[in-house]
Amino acid sequence: MIPELGHFALILALLLSIAQCFFSLNGAARGNAAWMAAGRSAVVGQFVFVALAFGALTWAFVDRDFSVLYVATNSNSQLPLFYRVAAVWGAHEGSLLLWSLCLAGWTLAVAAFSKSLEAPFQSRVLGILGLISIGFQLFMLMTSNPFERLVPRASEGLDLNPLLQDFALAVHPPILYLGYVGFAVAFAFACATLLEGRLDAAWARWTRPWTLAAWLFLTIGIALGSWWAYYELGWGGWWFWDPVENASFMPWLAGTALIHSLAVTEKRGLFKSWTLLLAVSAFSLSLLGTFLVRSGVLISVHAFATDPARGVFILAFLTAVIGGALLLFAWRAPRLKSAAGFEPTSRESFLLFNNAFLVAALGLILLGTLYPLFMDALELGKISVGPPYFELVFLVPMLPLLALLGVGMNAAWKRGFLGSVRNRLYLAGALAVIGSLLVGGAAYGEIRPMTTLGFALALWVMISSLSIPLARLRARQPIPGAVLGMVIAHFGVGLATLGITGVQSFKIEKDVALAVGDGADVAGYDFRLAALRDLRGPNFIAVEADVVVSRDGRPVTTLHPQKRLYDSGGNPMTEAGIEVGAARDLFAALGDDLGQGRWSLRLQYKPLIRYVWLGALLIALGGGIAALDRRYRERATVRAGAASASVAPGSR
Amino acid sequence: MKLPWKFLLPAFAFAILVGFFIVGLRQDPGAIPSPLLGKPAPEFSLESLGDPSWKVGSADFAGRPWLLNVWATWCVGCREEHEALLAIARENRLPIMGLNWRDDRALALRWLAQLGNPYVSVAYDPEGRTAIDWGVYGAPETFLIGADGAVLRKHIGPLTAEIWERDFLPLLPPAAEEG
Numbered sequence: 000m001i002p003e004l005g006h007f008a009l010i011l012a013l014l015l016s017i018a019q020c021f022f023s024l025n026g027a028a029r030g031n032a033a034w035m036a037a038g039r040s041a042v043v044g045q046f047v048f049v050a051l052a053f054g055a056l057t058w059a060f061v062d063r064d065f066s067v068l069y070v071a072t073n074s075n076s077q078l079p080l081f082y083r084v085a086a087v088w089g090a091h092e093g094s095l096l097l098w099s100l101c102l103a104g105w106t107l108a109v110a111a112f113s114k115s116l117e118a119p120f121q122s123r124v125l126g127i128l129g130l131i132s133i134g135f136q137l138f139m140l141m142t143s144n145p146f147e148r149l150v151p152r153a154s155e156g157l158d159l160n161p162l163l164q165d166f167a168l169a170v171h172p173p174i175l176y177l178g179y180v181g182f183a184v185a186f187a188f189a190c191a192t193l194l195e196g197r198l199d200a201a202w203a204r205w206t207r208p209w210t211l212a213a214w215l216f217l218t219i220g221i222a223l224g225s226w227w228a229y230y231e232l233g234w235g236g237w238w239f240w241d242p243v244e245n246a247s248f249m250p251w252l253a254g255t256a257l258i259h260s261l262a263v264t265e266k267r268g269l270f271k272s273w274t275l276l277l278a279v280s281a282f283s284l285s286l287l288g289t290f291l292v293r294s295g296v297l298i299s300v301h302a303f304a305t306d307p308a309r310g311v312f313i314l315a316f317l318t319a320v321i322g323g324a325l326l327l328f329a330w331r332a333p334r335l336k337s338a339a340g341f342e343p344t345s346r347e348s349f350l351l352f353n354n355a356f357l358v359a360a361l362g363l364i365l366l367g368t369l370y371p372l373f374m375d376a377l378e379l380g381k382i383s384v385g386p387p388y389f390e391l392v393f394l395v396p397m398l399p400l401l402a403l404l405g406v407g408m409n410a411a412w413k414r415g416f417l418g419s420v421r422n423r424l425y426l427a428g429a430l431a432v433i434g435s436l437l438v439g440g441a442a443y444g445e446i447r448p449m450t451t452l453g454f455a456l457a458l459w460v461m462i463s464s465l466s467i468p469l470a471r472l473r474a475r476q477p478i479p480g481a482v483l484g485m486v487i488a489h490f491g492v493g494l495a496t497l498g499i500t501g502v503q504s505f506k507i508e509k510d511v512a513l514a515v516g517d518g519a520d521v522a523g524y525d526f527r528l529a530a531l532r533d534l535r536g537p538n539f540i541a542v543e544a545d546v547v548v549s550r551d552g553r554p555v556t557t558l559h560p561q562k563r564l565y566d567s568g569g570n571p572m573t574e575a576g577i578e579v580g581a582a583r584d585l586f587a588a589l590g591d592d593l594g595q596g597r598w599s600l601r602l603q604y605k606p607l608i609r610y611v612w613l614g615a616l617l618i619a620l621g622g623g624i625a626a627l628d629r630r631y632r633e634r635a636t637v638r639a640g641a642a643s644a645s646v647a648p649g650s651r
Numbered sequence: 000m001k002l003p004w005k006f007l008l009p010a011f012a013f014a015i016l017v018g019f020f021i022v023g024l025r026q027d028p029g030a031i032p033s034p035l036l037g038k039p040a041p042e043f044s045l046e047s048l049g050d051p052s053w054k055v056g057s058a059d060f061a062g063r064p065w066l067l068n069v070w071a072t073w074c075v076g077c078r079e080e081h082e083a084l085l086a087i088a089r090e091n092r093l094p095i096m097g098l099n100w101r102d103d104r105a106l107a108l109r110w111l112a113q114l115g116n117p118y119v120s121v122a123y124d125p126e127g128r129t130a131i132d133w134g135v136y137g138a139p140e141t142f143l144i145g146a147d148g149a150v151l152r153k154h155i156g157p158l159t160a161e162i163w164e165r166d167f168l169p170l171l172p173p174a175a176e177e178g
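Residue numbers (numbering that gives the first Met the number 0), protein chains in the order written: chain A, 0 to 651; chain B, 0 to 178.
Just so you know, these hints were derived from the structure itself, not from any lab.
Hints are not guaranteed to be accurate.
Straight line, CA to CA, 30 Å or less: simulated DSBU-like cross-link-like pairs of lysine-lysine [claimed, not checked]:
(1) B/Lys5 <-> A/Lys413
(2) A/Lys336 <-> B/Lys5
(3) A/Lys114 <-> A/Lys336
Okay, the calculated bits of chain B under chain A, using three or more residues with CB under 8 Å as the criterion [as the list claims (entries may be wrong)]:
(4) 10–20
(5) 105–119
A partial selection of chain A residues facing chain B, derived with a Cβ cut-off under 7 Å [unchecked claim]:
(6) Thr72
(7) Ala308
(8) Gly310
(9) Leu314
(10) Thr318
(11) Ile321
(12) Leu325
(13) Leu326
(14) Ala329
(15) Ala332
(16) Leu372
(17) Phe373
(18) Ala376
(19) Ser567
This structure is a prediction, so every number in the text was calculated from the model and none was measured.
The beta carbon of each residue, even a glycine, is placed where N, CA and C say it ideally should be.
Could you build all of it, start to finish, from the sequences and the hints given here?
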């Protein structure tokens, strides 16, 4: 009964989405206040019914209702409660429901927290979000119904993919989806603007906190995915340039470019049509990511559920939404004029470089991701594009981006440089170079050109970020939330660069075959296989090893890598044993049983790797602080037609 | 009115992309060339899933066409194609052998008891050694082996009635010969 109620709730949610779209868009076009109000009510109703549907599916999992096909294929009775709940979004149908719930949640938030918007504009935004909801709910009901019954009911479920039975991967999809779907708000704002045909500083001010919020979720989601890959896949890598990783990284790059270009549009009224195009692109790339993952157009280790019929639906939907928005852009954007000029060393021009480099990286990654598809379609053979390509095309734009970042942050709007800022930057640059040589030479005993460059850029970004609040404190100026957020996020970029440079330059990986009592030396650490034992988990059996690590005869830690075999069968899963440290991680993963008591082990020394994720978290934290800046909440100043404010140097 | 060419560029680029996606979708993701096609099928002899003392092997159906289906209980695609396999088995045109891959014997038997058994026999390959010989890199995969013992067709991913009729049936001798 409960699954049928869920199915019914989903149908009602679809009808309410249609109502939301129809009344909002038409109400706005005719200036009919009653219709616009009806559209807003439909938003609330839609959210309630999507939440009910989601609750019903969750109940079916918690209750182990194996008469529901989706529940029977993605859980079993031995699965712990936490993973039974996480299994709701463990496969295709449920993740779509989660998508839809996120979208309904964002839509509700827009309806609730943007009362200061002019009513017709708000209605257009809600109408466009309704259009997207319709697409996803139709998709679910037509091709991917999570409530489909299994007749006769299964006495036992298969299992949730064991790879997904992990904390980070259980929370990774909801956070990632909040980010993906959050860009729908910026997209809807952009489309509503294009429909109205005018764009002012207030528009950018409305869009910025929403974009920042979506972007910060996406940042955390990507970082979680990378962290998971590091400890669960057993290779100790943290980024693989897999098509699905790229699918989440490309909207992130577009979103990053967008939050920067929004700053220019808000403060100076420039880059208007470019900002709109980025807002459309960020969400389009999120949809494209869904398409690539779900349709099987690109074959990837992530493509758990591939089905051409679904691919056709998503492609049609994608074409309608993105194609429609781009045509709207081509039609209306030429009317938007940017009037002001700026000097070559003003902040505007640095943000222009920022956008150019980010979009260049995005375009090259998109090309690499789709290249196999192009080659295949042109019958030039099946090929795959590997990490060397992606590393190169990402690195080349990132180096100048990081070098200019420190200058741009300190530059003033409109005018060229001030002398005092110039001296500050010379000092920061000198400190960065000296620091880099010290880190490379003293800590790792080796000076290599690329490593030195990486460390220098990382320190440069960190020092020049910190110089802003320091200068403000010395001049007894206040530090607004937006500036604090910017400083923290950019400091995070520097920290992540430090981590990436360190781990890529000085990591050591060794594959060894050890019997109990044997040891191997990695980077001066002695890894000794001390014991092996069998374990019984809630729904798996495992072999666990004690790997005792010591340095110069002194014990450092004992690692406990596991090899798990889930009761539901399938490939054995690797749980790496990791000792986390500020300067390095020590990593051991169990490979195969080689017989006669010998096991293959992968031992790794990973310097500075923690800073990759710590940096990502700081980036997200900075985004959050900036999104909460007071001026976004001051309603009195947020009125259409407000002229762009005059701006003090260094403020954002 | 003068067309805003600069502003139409994103839409053009997207249209080209959609064109490629359409071509990409039409292509059968299962049509990855297998080096085995046209070559003699790799030989194997494995324990039967139901009875460990019984050997099941590639020579069992020598001299007639047969189907080898690689499956496992942990594989969602295998659950999807199960109905299609049962339908093919009911046609009774050719025997289907299952290759139970990297799986647990008890779970696999329970699966067949619950969902129906389309296989004449099932070889048990918990280590995946035979699957490696056959170039299997994911389940489900289905191979058609001709009467001469050569691999005629390989399909990666869930089998459906359409795929069966389009890609496999034309390769079989007319039904009358079988009857």
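Hint check:
Taking the CA atoms of B/Lys5 and A/Lys413, the gap is near 26 Å; set against the 30 Å cutoff, the hint holds. Note on A/Lys336 and B/Lys5: the hinted pairing holds, with a Cα-Cα distance of about 14 Å set against a maximum of 30 Å. Note on A/Lys114 and A/Lys336: the hinted pairing holds, with a Cα-Cα distance of about 28 Å set against a maximum of 30 Å. Restraint check on the region 10–20 of chain B versus chain A: 7 residues with Cβ-Cβ distances below 8 Å, three needed, restraint holds.
With a threshold of 8 Å between beta carbons, the proposed coverage of the region 105–119 of chain B by chain A holds, since 4 of its residues qualify and at least three are required. The restraint placing A/Thr72 at the interface with chain B holds, with a minimum CB-CB distance near 6 Å, inside the 7 Å limit. Contact between A/Ala308 and chain B, as hinted, is not supported at the beta carbon level, the nearest pair being about 10 Å apart and thus beyond 7 Å. Checking A/Gly310 against chain B: minimum C-beta separation of about 5 Å stays under 7 Å; hint holds.
The beta carbon of A/Leu314 comes within 6 Å of a beta carbon in chain B, closer than 7 Å, and the hint placing it at the interface holds. Nearest Cβ of chain B to the Cβ of A/Thr318: about 5 Å, under the 7 Å cut. The hint holds. The beta carbon of A/Ile321 comes within 6 Å of a beta carbon in chain B, closer than 7 Å, and the hint placing it at the interface holds. Taken as an interface hint, A/Leu325 checks out: its beta carbon lies about 4 Å from the nearest beta carbon of chain B, inside 7 Å.
The closest approach between the C-beta of A/Leu326 and any C-beta of chain B is roughly 5 Å, which is under the 7 Å cut-off, so the hint is satisfied. Here the hint on A/Ala329 is kept, as its CB sits about 4 Å from the closest CB of chain B, short of 7 Å. Nearest Cβ of chain B to the Cβ of A/Ala332: about 5 Å, under the 7 Å cut. The hint holds. Because the closest C-beta pair between A/Leu372 and chain B is about 5 Å apart, less than 7 Å, the hint holds.
With a cut of 7 Å, the hint placing A/Phe373 at the interface with chain B holds, because the nearest CB-to-CB distance is about 6 Å. Taking 7 Å as the C-beta cut-off, the interface hint given for A/Ala376 holds, the closest approach to chain B being about 4 Å. For A/Ser567, the interface hint holds, the least distance from its beta-carbon to any beta-carbon of chain B being 6 Å, beneath 7 Å.
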